[in-house]
Amino acid sequence: MEATLGELCESLAKYGMKPVLKGDAGQRIGRVNTLEDAGEGDISFLSNPKYEKMLGTTEASAVVLRPDISAPDRLNLIQIDDPYAAISALIVQIHGYRRHRRVPPDMSGTHKHETARIGQNATIHPGATIDEEVMIGDNAIIYPGCYIGPRCRIGNNVLLYPNVVVYDDTIIGDRVTIHSNTVIGEDGLGYAPVEGKWFKIPQIGHVEIEDDVEIGANCSIDRATLGRTRIGRGTKFSNLIAVGHGTQIGEDCLLVAQVGLAGSVTVGRHVTMAGQVGVAGHLRIGDDVTLGAKAGVVNSVPDGQTYLGQPAIPIRDMRRQVVHQQHLPELSQTVKRLEKEVAELRRRLAERNEDAPPARG
Amino acid sequence: MEATLGELCESLAKYGMKPVLKGDAGQRIGRVNTLEDAGEGDISFLSNPKYEKMLGTTEASAVVLRPDISAPDRLNLIQIDDPYAAISALIVQIHGYRRHRRVPPDMSGTHKHETARIGQNATIHPGATIDEEVMIGDNAIIYPGCYIGPRCRIGNNVLLYPNVVVYDDTIIGDRVTIHSNTVIGEDGLGYAPVEGKWFKIPQIGHVEIEDDVEIGANCSIDRATLGRTRIGRGTKFSNLIAVGHGTQIGEDCLLVAQVGLAGSVTVGRHVTMAGQVGVAGHLRIGDDVTLGAKAGVVNSVPDGQTYLGQPAIPIRDMRRQVVHQQHLPELSQTVKRLEKEVAELRRRLAERNEDAPPARG
Amino acid sequence: MEATLGELCESLAKYGMKPVLKGDAGQRIGRVNTLEDAGEGDISFLSNPKYEKMLGTTEASAVVLRPDISAPDRLNLIQIDDPYAAISALIVQIHGYRRHRRVPPDMSGTHKHETARIGQNATIHPGATIDEEVMIGDNAIIYPGCYIGPRCRIGNNVLLYPNVVVYDDTIIGDRVTIHSNTVIGEDGLGYAPVEGKWFKIPQIGHVEIEDDVEIGANCSIDRATLGRTRIGRGTKFSNLIAVGHGTQIGEDCLLVAQVGLAGSVTVGRHVTMAGQVGVAGHLRIGDDVTLGAKAGVVNSVPDGQTYLGQPAIPIRDMRRQVVHQQHLPELSQTVKRLEKEVAELRRRLAERNEDAPPARG
Numbered sequence: 000m001e002a003t004l005g006e007l008c009e010s011l012a013k014y015g016m017k018p019v020l021k022g023d024a025g026q027r028i029g030r031v032n033t034l035e036d037a038g039e040g041d042i043s044f045l046s047n048p049k050y051e052k053m054l055g056t057t058e059a060s061a062v063v064l065r066p067d068i069s070a071p072d073r074l075n076l077i078q079i080d081d082p083y084a085a086i087s088a089l090i091v092q093i094h095g096y097r098r099h100r101r102v103p104p105d106m107s108g109t110h111k112h113e114t115a116r117i118g119q120n121a122t123i124h125p126g127a128t129i130d131e132e133v134m135i136g137d138n139a140i141i142y143p144g145c146y147i148g149p150r151c152r153i154g155n156n157v158l159l160y161p162n163v164v165v166y167d168d169t170i171i172g173d174r175v176t177i178h179s180n181t182v183i184g185e186d187g188l189g190y191a192p193v194e195g196k197w198f199k200i201p202q203i204g205h206v207e208i209e210d211d212v213e214i215g216a217n218c219s220i221d222r223a224t225l226g227r228t229r230i231g232r233g234t235k236f237s238n239l240i241a242v243g244h245g246t247q248i249g250e251d252c253l254l255v256a257q258v259g260l261a262g263s264v265t266v267g268r269h270v271t272m273a274g275q276v277g278v279a280g281h282l283r284i285g286d287d288v289t290l291g292a293k294a295g296v297v298n299s300v301p302d303g304q305t306y307l308g309q310p311a312i313p314i315r316d317m318r319r320q321v322v323h324q325q326h327l328p329e330l331s332q333t334v335k336r337l338e339k340e341v342a343e344l345r346r347r348l349a350e351r352n353e354d355a356p357p358a359r360g
Numbered sequence: 000m001e002a003t004l005g006e007l008c009e010s011l012a013k014y015g016m017k018p019v020l021k022g023d024a025g026q027r028i029g030r031v032n033t034l035e036d037a038g039e040g041d042i043s044f045l046s047n048p049k050y051e052k053m054l055g056t057t058e059a060s061a062v063v064l065r066p067d068i069s070a071p072d073r074l075n076l077i078q079i080d081d082p083y084a085a086i087s088a089l090i091v092q093i094h095g096y097r098r099h100r101r102v103p104p105d106m107s108g109t110h111k112h113e114t115a116r117i118g119q120n121a122t123i124h125p126g127a128t129i130d131e132e133v134m135i136g137d138n139a140i141i142y143p144g145c146y147i148g149p150r151c152r153i154g155n156n157v158l159l160y161p162n163v164v165v166y167d168d169t170i171i172g173d174r175v176t177i178h179s180n181t182v183i184g185e186d187g188l189g190y191a192p193v194e195g196k197w198f199k200i201p202q203i204g205h206v207e208i209e210d211d212v213e214i215g216a217n218c219s220i221d222r223a224t225l226g227r228t229r230i231g232r233g234t235k236f237s238n239l240i241a242v243g244h245g246t247q248i249g250e251d252c253l254l255v256a257q258v259g260l261a262g263s264v265t266v267g268r269h270v271t272m273a274g275q276v277g278v279a280g281h282l283r284i285g286d287d288v289t290l291g292a293k294a295g296v297v298n299s300v301p302d303g304q305t306y307l308g309q310p311a312i313p314i315r316d317m318r319r320q321v322v323h324q325q326h327l328p329e330l331s332q333t334v335k336r337l338e339k340e341v342a343e344l345r346r347r348l349a350e351r352n353e354d355a356p357p358a359r360g
Numbered sequence: 000m001e002a003t004l005g006e007l008c009e010s011l012a013k014y015g016m017k018p019v020l021k022g023d024a025g026q027r028i029g030r031v032n033t034l035e036d037a038g039e040g041d042i043s044f045l046s047n048p049k050y051e052k053m054l055g056t057t058e059a060s061a062v063v064l065r066p067d068i069s070a071p072d073r074l075n076l077i078q079i080d081d082p083y084a085a086i087s088a089l090i091v092q093i094h095g096y097r098r099h100r101r102v103p104p105d106m107s108g109t110h111k112h113e114t115a116r117i118g119q120n121a122t123i124h125p126g127a128t129i130d131e132e133v134m135i136g137d138n139a140i141i142y143p144g145c146y147i148g149p150r151c152r153i154g155n156n157v158l159l160y161p162n163v164v165v166y167d168d169t170i171i172g173d174r175v176t177i178h179s180n181t182v183i184g185e186d187g188l189g190y191a192p193v194e195g196k197w198f199k200i201p202q203i204g205h206v207e208i209e210d211d212v213e214i215g216a217n218c219s220i221d222r223a224t225l226g227r228t229r230i231g232r233g234t235k236f237s238n239l240i241a242v243g244h245g246t247q248i249g250e251d252c253l254l255v256a257q258v259g260l261a262g263s264v265t266v267g268r269h270v271t272m273a274g275q276v277g278v279a280g281h282l283r284i285g286d287d288v289t290l291g292a293k294a295g296v297v298n299s300v301p302d303g304q305t306y307l308g309q310p311a312i313p314i315r316d317m318r319r320q321v322v323h324q325q326h327l328p329e330l331s332q333t334v335k336r337l338e339k340e341v342a343e344l345r346r347r348l349a350e351r352n353e354d355a356p357p358a359r360g
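Chains as they are written, first to last, in numbering that gives the first Met the number 0: chain A, 0 to 360; chain B, 0 to 360; chain C, 0 to 360.
Bound-form chain A, shown alone (with noise of 0.2 angstroms):
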């Protein structure tokens, strides 16, 4: 929605936020872009120190940075303290949330069973499946291809895109959104060995998934062998994440890209996991703990941790590790020529013993 320069100020005012404007109030605003793609009636922002040096090129009409920055005079600024979140305050504002093509509620084309029931409001899109029993609830939309497994409990204002699969028994809280392609409560990898071959344990547990979580495209969470499988209140998933059957992740954590987490883990609150982290089965992950990229996470993590590699240690000793580790070609050439050096010192004194007679003896 267009606004002013001066009209977004005070939105931004609203929040809480703290800006100041330099230049023209009146200037229209339609569309929030890059400092790269910005064009008359764009406003961007400095987040990013790196992409400083484009403030000098950009062509949008206004810029959103830090007090501290300088800018030509020809850019119209808002400076605040925190550019990031004033952005993305702004871009709700300008553009707000996907809008959701609504469908009739007769459900035709879908496949609903009998038995499940809809709440008010919601949007079941053609080519989705419901199956017995399932309940979904106010202002859901579901959208082509989505198969509901029996029995499943969907919360209100949940949005899956097209083709998530949720297994049998599944409960799924408020306001929780799925991407595309994820599959939700499969069985996991639960086999007794029974004379060399794989006896399949029925997995009888289930997924449970609070309120206001957002799961990735491509992901798989898998169901408990017994017992359920939890994604805590509030966390959020990138795309092509693996969990293991009976694996409990707490609230407000961020997961990235292809991480993985095996069975029976347990994830405190607000855990961030970079990209492609592995964590092996029955640990337990604190509160406020950090794993960085690819780290390979062997031991249980405390509570507000950084670990990092493969196997993962805190990150100070991995740095450490890697910077000695780097260097270990020059090492061991200097131990090479301390061992030439330490027989020849030997030698010399041997020499200097044969001339003289030993000390002692």
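Keep in mind the hints are simulated off the structure, nothing from the lab.
One or more of the hints may lead you astray.
With beta-carbon atoms standing in for the labels, derived distance ranges [as the list claims (entries may be wrong)]:
(1) B/49 <-> A/94: 32 to 42 angstroms
(2) C/68 <-> B/342: 57 to 67 angstroms
(3) A/112 <-> C/99: 26 to 36 angstroms
Here the structure is a predicted model, which is why all the values come from computation and not from measurement.
Beta carbons: idealized from backbone N, C-alpha and C, even for Gly.
We have chain A already, so just place chains B and C on it with the hints.
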């Protein structure tokens, strides 16, 4: 199905197990549950000693555990050598496997080509597509959103969960289960470089999946360029696994989530690969090999070996290497100290040599 | 299409290749096959010297190989400098590419919005969904279970295999192929931290896929937060690849399975990334770069370099480092021995010093 503890012990004995019941044989059991969540009427188990302390607090009506573990008197116990195998059998006994809804055989709502043939008592759910000349065996269950490409042959008692895609000419044996959103038989990365561009090579091979295989969710198994990609009898996959074109996997293997095998790899029987393992192209992985989590395999692995690390080496060597890596900073300090000491020794020896005439000469 | 060996050589010559035929020009060939599986009427090839011994046992009616390789007299041979390119051309000649079933243009069984426009001779299979204001080019093929979101523009001769999901506003060029269950344009991990919670930033950018790109199965390509995520002309992806928001990939790149690129990465032209590579955010990967399997890239990589390892460094350095790592236990032993020897030397020198008066003083 509810049963008494006495009846459950009898059923374990039929499997050749030797349960010893301590407590009330008449206690009724209706559910298997975790030590933590169990209540009245639930049976639980202790397999991983990590959870032993929960015996003190569990409210389970009975617990399966090894004879050498002591437990509070109030608990009914089934003592047995392998509690994990026993509880697996009890889950089957009490809960059984997932029950699948059958639909009428009129194929309404499906997209079945007229030339496809469907076996007796098979269920093709509305929203599935069965393409030209496909043959599907007896009792198969094909869920909504599945696509079975031209000329595929699908065995008896096969179970395809929603949105599985099977490309043309794939052969799937009996009792195979494939979880949602897995793709079988897509083209591999087959291109010839021609003047700096990639010229696509038609991938005219196919995929064969033998009897009793189970494949997790969101996996991708490339068809062969020529010949076949093969998954051997009884092998089990977790989720998000990638198998390259022409790779051959033997019988009774277990692959954990996010494993990636390049093309033309040959894997023996009864191989275990932990999470996020990668194997380079054209290698041979022997029988009974174990690859540790995140192993990066760049050389063939002989039968019976356990490899770990990146590049992967025998586990004993890798464990020693890791310990030494973690002590690298100290080692480096020691070498620095030695350098100083050797320099000092050299200086002192030189001083003495200046005082005294050289030994010889 | 069946042909004689003589005719096949003529067709290779038309590509500018210089085949030399040794044997029966009239031999009829109907199939390309592996050395191992080939039989009467099949032509095979030898490209990887690893398989040379199979020349002794193959039952192929002809083999394509380099002129310097010797083979049994009984075999018909096509000698040529690049057997891999030649066999690629022969696969096209004899087998051609996959033939796709066309359906009537009446759109029956599809969910097409009234505002969508479909090009001439395009096939939209039943079970596909084409949403509002979508434009699909001529000759495109959209398989069942695909979902094309609002306002997408899809080029001519595009091929989307079953269950591909394309989010709103995606732009796809001509002759693009996308394999099953891949998702294009889902929201990336865009959240601003607000009081310990994650505030979702609307992802108002989009994805652009240029001409002649092929994307494997189960990949996820995030839309940009602002602006676009771009996959350059002629680039090819294998399976299970994750691309973060705003990342730009150049022309003619090759990405192997399970590669993960974070957001705002810039990748040049003709870059090769082997399996399970990870690249951190905001980096620049130059033209003609090669990243070895499992590389963890945390710094930008200049043009033409080959990087390996975690953290990734130039391949020569990494190989040296790995050799030294594997010899760390010995190095550590050597240092321990040196410590003892230096201590011994110091002791002996001290003894002599006790005997004799100090050199000076």
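Consistency of beta-carbon spacing, residue 94 of chain A to residue 49 of chain B, with hint 32 to 42 angstroms: Hint violated: Cβ distance 50 angstroms, outside 32 to 42 angstroms.
Cβ separation of residue 68 of chain C and residue 342 of chain B, checked against the hinted range 57 to 67 angstroms: Since residue 68 of chain C and residue 342 of chain B have Cβ atoms about 59 angstroms apart, the given range 57 to 67 angstroms holds.
Whether the CB-CB distance between residue 112 of chain A and residue 99 of chain C falls inside 26 to 36 angstroms: holds, 34 angstroms
Checked against the numbered hints above, the structure breaks only hint 1 and satisfies the rest.
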